[in-house]
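Undergrad: Listed below are the residues making up each chain.
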Amino acid sequence: MANENGVLIFAETTDGALAPITPELLAAARRLAGSLGQPACAALVGSGVASLAQEAIAFGADKVFVADDAQLAGYTTDAYVSAMEQVCREANPAAVILGQTDIGRDLAPVLAFRLGTTVAMDCVELDVQDGKVAMTRPCYGGAARAVHTSNTMPQMATVRPKSNDPLVKDASRQGEVATVSVSLDPSALRTKLLQTKKVEAAGIRLEDAEVVVTGGRGIGGTEGFQVLEELASVLGGAVGATRAACDMGWRPVADQIGLTGKVVGPTLYIAVALSGASQHMAGCTGSKNIIAVNKDPEAIIFNYARLGIVGDYRQVMPALLEAVKKIRA
Amino acid sequence: MPLNMIVCVKQVPDPEAPPSSFQVNEADKKVVPAAGVQPVISQFDAIAVEAALRIRDAAGEGKITLISMGPAGARDVIKHGLAMGADEGVLLSDAAFEDGDSYTTALVLTTAIKKLGDVDVVLCGRQAVDWDMGVTGSAMAEMLGLPAATIARQVEHKDGKLVVERVLADGYQTVEVPIPCLVTVSNEMGEPRYPKLQQIMAAARKQVTVWAASDLGLDASQVGKKGVRLNLDRLFIPVQESKCEFVEGETPEEAATALAQKLREAKLI
Numbered sequence: 170m171a172n173e174n175g176v177l178i179f180a181e182t183t184d185g186a187l188a189p190i191t192p193e194l195l196a197a198a199r200r201l202a203g204s205l206g207q208p209a210c211a212a213l214v215g216s217g218v219a220s221l222a223q224e225a226i227a228f229g230a231d232k233v234f235v236a237d238d239a240q241l242a243g244y245t246t247d248a249y250v251s252a253m254e255q256v257c258r259e260a261n262p263a264a265v266i267l268g269q270t271d272i273g274r275d276l277a278p279v280l281a282f283r284l285g286t287t288v289a290m291d292c293v294e295l296d297v298q299d300g301k302v303a304m305t306r307p308c309y310g311g312a313a314r315a316v317h318t319s320n321t322m323p324q325m326a327t328v329r330p331k332s333n334d335p336l337v338k339d340a341s342r343q344g345e346v347a348t349v350s351v352s353l354d355p356s357a358l359r360t361k362l363l364q365t366k367k368v369e370a371a372g373i374r375l376e377d378a379e380v381v382v383t384g385g386r387g388i389g390g391t392e393g394f395q396v397l398e399e400l401a402s403v404l405g406g407a408v409g410a411t412r413a414a415c416d417m418g419w420r421p422v423a424d425q426i427g428l429t430g431k432v433v434g435p436t437l438y439i440a441v442a443l444s445g446a447s448q449h450m451a452g453c454t455g456s457k458n459i460i461a462v463n464k465d466p467e468a469i470i471f472n473y474a475r476l477g478i479v480g481d482y483r484q485v486m487p488a489l490l491e492a493v494k495k496i497r498a
Numbered sequence: 595m596p597l598n599m600i601v602c603v604k605q606v607p608d609p610e611a612p613p614s615s616f617q618v619n620e621a622d623k624k625v626v627p628a629a630g631v632q633p634v635i636s637q638f639d640a641i642a643v644e645a646a647l648r649i650r651d652a653a654g655e656g657k658i659t660l661i662s663m664g665p666a667g668a669r670d671v672i673k674h675g676l677a678m679g680a681d682e683g684v685l686l687s688d689a690a691f692e693d694g695d696s697y698t699t700a701l702v703l704t705t706a707i708k709k710l711g712d713v714d715v716v717l718c719g720r721q722a723v724d725w726d727m728g729v730t731g732s733a734m735a736e737m738l739g740l741p742a743a744t745i746a747r748q749v750e751h752k753d754g755k756l757v758v759e760r761v762l763a764d765g766y767q768t769v770e771v772p773i774p775c776l777v778t779v780s781n782e783m784g785e786p787r788y789p790k791l792q793q794i795m796a797a798a799r800k801q802v803t804v805w806a807a808s809d810l811g812l813d814a815s816q817v818g819k820k821g822v823r824l825n826l827d828r829l830f831i832p833v834q835e836s837k838c839e840f841v842e843g844e845t846p847e848e849a850a851t852a853l854a855q856k857l858r859e860a861k862l863i
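As you go down the protein sequences, you meet chains A and B in turn. All residue numbers for the first sequence refer to our numbering, where the first residue is 170 and numbers rise by one. All residue numbers for the second sequence refer to our numbering, where the first residue is 595 and numbers rise by one.
Pulled out of the complex, with its shape left as it was, chain A reads as follows:
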């Protein structure tokens, strides 16, 4: 392939609508496309998704490639990589961007190697330097940052959720829609999806919460989280946990915030009895305000916090709960 042109994003959909990551990817694509002087495009892959093309255009796409097929109804690696391969053959993009989501982290590496290129994962910054896409990502558990460029085409990256603000939706935006008729060879679809089980979050989803109260190793046990739950409840927020707390069995795995857990960006993040290790911070540095409570004055979390109390959470948190209740009464 030569004369690659355009920044193509993988437009994720959920329950018949564009997934939250998609407008974020379009914003990133618009910015890169602007610097490159090329179009921003979207690959809309799924079943019954064609009607979402206009919305993708409203969020910034100049052209939408629609790959609509019944076999693309639920995500499987083989079907989606085959569809994307066919879209890329038609679109011939200079860059392909996906979200660092359940689908993106599975699809991007396979797609990259199917296309004979490579991919930089979980990028927090993408920009253009000397005509190439420079990809900045955290590494070493978040303690360091690496900047990469790709020697092979298309240049590929996955983008961390909430690291790009969506553009304001403009329903009057014009764009092109192209249908890609995908051919999916059933014998090439090797994996069978048996079931998908949603574990219902009691209350507000961590990723959506404006207030998150997180407990770490210092909580010491399941009961210790009680006061965090009460505070979260009063503030209308959600309770998170570090990997240590989840591995100990004190909190369900779904509550885990960190590099291999959920990534959150609330207005208020209250970090209780957690050290602030890089792997955890990777999941919460998007927070607008971090408040920390820790027995150890040297705890790394205080390097990230705006306000902090050095003290035992068992004494501080119940008092904080009461004080907050009074103020909000």
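Honestly, the hints are just simulated from the structure, not real lab data. All residues carry an ideal CB built from backbone N, CA and C; glycine is no exception. Keep in mind that the hints are not guaranteed to be accurate.
Computed list of chain A residues with no C-beta within reach of chain B, every gap over 12 Å [claimed, not checked]:
| id | residue |
| --- | --- |
| 1 | Q223 |
| 2 | S341 |
| 3 | V346 |
| 4 | L358 |
| 5 | K361 |
| 6 | T365 |
| 7 | G477 |
| 8 | G480 |
| 9 | E491 |
Capping the alpha-carbon separation at 27 Å, the derived lysine-lysine pairs in DSS-like fashion look like this [unchecked claim]:
| id | chain 1 | residue 1 | chain 2 | residue 2 |
| --- | --- | --- | --- | --- |
| 10 | A | K301 | B | K837 |
| 11 | A | K301 | B | K819 |
| 12 | B | K820 | A | K301 |
| 13 | A | K494 | B | K657 |
| 14 | A | K457 | B | K856 |
| 15 | B | K856 | A | K495 |
| 16 | B | K856 | A | K464 |
| 17 | A | K367 | B | K755 |
| 18 | B | K624 | A | K301 |
| 19 | A | K495 | B | K861 |
| 20 | B | K657 | B | K800 |
| 21 | A | K366 | B | K755 |
| 22 | B | K624 | B | K819 |
| 23 | B | K861 | A | K494 |
| 24 | B | K837 | A | K464 |
| 25 | B | K755 | A | K361 |
| 26 | B | K708 | B | K837 |
| 27 | A | K457 | B | K837 |
| 28 | B | K657 | B | K755 |
| 29 | B | K623 | B | K820 |
| 30 | A | K367 | B | K752 |
| 31 | B | K861 | A | K457 |
| 32 | A | K457 | A | K495 |
| 33 | A | K331 | B | K800 |
| 34 | A | K232 | A | K366 |
| 35 | B | K752 | A | K366 |
| 36 | B | K752 | A | K361 |
| 37 | B | K752 | B | K819 |
| 38 | A | K331 | B | K861 |
Fit chain B to the given chain A structure using the hints.
TA: Then chain B, alone, in the frame of chain A:
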């Protein structure tokens, strides 16, 4: 039919080392090894060994071969896996392999796998805890022409296939993958077993095969720094700019009340 399993393991700087000891040499684009801190097996890779052992335990049979690409000292992570219960180990070591990327790593590992002969299941950690990239496993699957099931929390060998539970953001997904295949594992699978002293001593006596680039028929230009698809242009420690205001009081309760006040003043509650 006993499964022939290969587990890829990587030696990495210890992520539990004191954060203050983490340093980067920006000119060399490398992490400076922390003085006196021993490197360790990447924790998701130890879990991959555990996954293989669980499959073997359930079947009562199965062969587990470990492979690692790294410096001579990476022999230690192979020994750790052998002590956990794996059967054999191969170290892929060559100066030419250094400073590569996911592509060159996958190329070296898959060349070794092909040299080892027929494999039923390749297991890896979901990402190495140094680069956190999470690409090598899937790249290997593509190079070997195998289906990949990633981010597994459970793997079962059933009726000639693997039934894999994959972790999702808000739940999990069960997939059935034909054999041969590749699986990457996540921490939700559980703690890897810790070897007993006897097993560690027995593993210390075992031979680890060592292969260089020439043993794999690979040229220096294909691997390591010379073969990368992804360039590393810069490596740095991001500057922490924020300053924390410590809220104090005569008692923890007083400090807590003062904090609540400040949060109200900042319009955060």
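Undergrad: Please go over all the hints and tell whether each is borne out by the structure.
TA: Evaluated hints:
no., hint, in the structure
1, Q223, "27 Å, holds"
2, S341, "34 Å, holds"
3, V346, "30 Å, holds"
4, L358, "9 Å, violated"
5, K361, "4 Å, violated"
6, T365, "5 Å, violated"
7, G477, "5 Å, violated"
8, G480, "4 Å, violated"
9, E491, "8 Å, violated"
10, A:K301 <-> B:K837, "35 Å, violated"
11, A:K301 <-> B:K819, "20 Å, holds"
12, B:K820 <-> A:K301, "20 Å, holds"
13, A:K494 <-> B:K657, "60 Å, violated"
14, A:K457 <-> B:K856, "15 Å, holds"
15, B:K856 <-> A:K495, "14 Å, holds"
16, B:K856 <-> A:K464, "20 Å, holds"
17, A:K367 <-> B:K755, "24 Å, holds"
18, B:K624 <-> A:K301, "23 Å, holds"
19, A:K495 <-> B:K861, "15 Å, holds"
20, B:K657 <-> B:K800, "16 Å, holds"
21, A:K366 <-> B:K755, "21 Å, holds"
22, B:K624 <-> B:K819, "13 Å, holds"
23, B:K861 <-> A:K494, "15 Å, holds"
24, B:K837 <-> A:K464, "18 Å, holds"
25, B:K755 <-> A:K361, "11 Å, holds"
26, B:K708 <-> B:K837, "54 Å, violated"
27, A:K457 <-> B:K837, "14 Å, holds"
28, B:K657 <-> B:K755, "17 Å, holds"
29, B:K623 <-> B:K820, "16 Å, holds"
30, A:K367 <-> B:K752, "24 Å, holds"
31, B:K861 <-> A:K457, "13 Å, holds"
32, A:K457 <-> A:K495, "24 Å, holds"
33, A:K331 <-> B:K800, "49 Å, violated"
34, A:K232 <-> A:K366, "35 Å, violated"
35, B:K752 <-> A:K366, "20 Å, holds"
36, B:K752 <-> A:K361, "14 Å, holds"
37, B:K752 <-> B:K819, "41 Å, violated"
38, A:K331 <-> B:K861, "23 Å, holds"
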